[in-house]
Amino acid sequence: MRAYSSDDGSLHLLRLPPGSDLYEGVTEAAGELGIRAASVQVIGALRSLRYGYYDQQAHEYQELTHDGELEIASANGNVSIREEEAFLHMHVVAGKEDGSTIGGHLFGGEVFVAEVAFHVLGGEAPVRERQEFAGLDLWPSE
Amino acid sequence: MRAYSSDDGSLHLLRLPPGSDLYEGVTEAAGELGIRAASVQVIGALRSLRYGYYDQQAHEYQELTHDGELEIASANGNVSIREEEAFLHMHVVAGKEDGSTIGGHLFGGEVFVAEVAFHVLGGEAPVRERQEFAGLDLWPSE
Amino acid sequence: MRAYSSDDGSLHLLRLPPGSDLYEGVTEAAGELGIRAASVQVIGALRSLRYGYYDQQAHEYQELTHDGELEIASANGNVSIREEEAFLHMHVVAGKEDGSTIGGHLFGGEVFVAEVAFHVLGGEAPVRERQEFAGLDLWPSE
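So the protein sequences, as listed, match chains A, B and C. The opening residue of the first sequence carries number 0 in numbering that gives the first Met the number 0; numbering runs sequentially from there. The opening residue of the second sequence carries number 0 in numbering that gives the first Met the number 0; numbering runs sequentially from there. The opening residue of the third sequence carries number 0 in numbering that gives the first Met the number 0; numbering runs sequentially from there.
Hints are supplied without guarantee of correctness; some may be wrong.
Said to hold, decoys possible - A few chain C residues that face chain A, going by a derived Cβ cut-off under 10 angstroms, partial list only:
no. : residue
1   : S38
2   : S99
3   : W138
Treat the hints as calculated values from the structure; they're not laboratory data. Cβ atoms here follow ideal geometry from the backbone N, Cα and C, with glycine treated the same way.
Isolated chain A (complex conformation):
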């Protein structure tokens, strides 16, 4: 992996290689850079996408898939600590050939091009813990 980094370590730009999984690739890049907490943005293009929707009543993710090329119109998220490891939470908006868009929670997708920006938090990393109201691992809000 090659990353381009601010001298003070606050910002990193890099491209994932084609064929990477978008979710795994960003997670692995964070690991290689030693990032424990960050805000993350990605643009690029995909060969496929797995994304979804969290059912707030059933406390279950519904997974949707798109087979075929898409633009990554935006992917926004963050890195923080979950079970003592750096964990990526990312949402995505993707554009189809006709310009229409789909979006939601990012599970993964095959990368064609993915240009990643990590904005590093230079301080105590938030830690995700189970929050029963949501059935999700979330940062404390208080």
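Fit chains B and C to the given chain A structure using the hints.
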């Protein structure tokens, strides 16, 4: 409120509690952190959304509502000064259960989960003033 | 042009004047600020949009147009070096009057309001070079 902050104050991560209003909650968090100027990103999920469209001819916002659960696929915006107070301007893209998306100017919405990143401007804050061409309070461009 | 900048030069906020082209305006602002590498976000509103889709097989962009007002629900991208000059790569999601969204690669569009945040990389700038797998000028990934 609990925030996770860079030692130099340049980046803050935090989660809004469930039941917060997305617009008011981000505004109040900026206030508690003493933020006068920042770039802001949010991902998460909503129980409802009020968003809209600015009619550039009539100089009026048109408000749209969505009652029911949505993913916050992205929310991007900024904090700056308007009438001597920190003011949030944020746009949103939200994903439905079927993966389709809606978006525009953010008025508000009931938070299920909202993970917020403030990228603080450590310098003179922009001040919004009425710009007649738009009928909106905007930063000087010159 | 007037920009509001962090004392350490890491973040700049500014508004493009109405009638600017979104792509050219952000590129020119980067030039005036001497930015060679950055992550960029924009929100605002447009009078028209030229956007598109990259055909990953044919190695060609397909350009789509929207004539008429749109919200810039998000515009995310980056600045890096291509042919020795600062080059903008930006993707967009735009919202229509009915709240529906379109999105993809940004070619340009007439600005009504565009509020821009540049997060500057304070280090070696990535350089775009032709990558044959994609038919595009991309940063090295290794």
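With 10 angstroms as the cut and Cβ atoms as the points, is C/S38 at the interface with chain A? Holds. Min distance 4 angstroms.
Can we keep the C/S99 interface hint, with Cβ of chain A closer than 10 angstroms? 8 angstroms, holds
Tell me if the interface restraint on C/W138 is satisfied: Cβ within less than 10 angstroms of some Cβ in chain A. Given a least distance of 5 angstroms, the restraint on C/W138 holds.
In the structure shown, no violation is registered for any of the earlier numbered hints.
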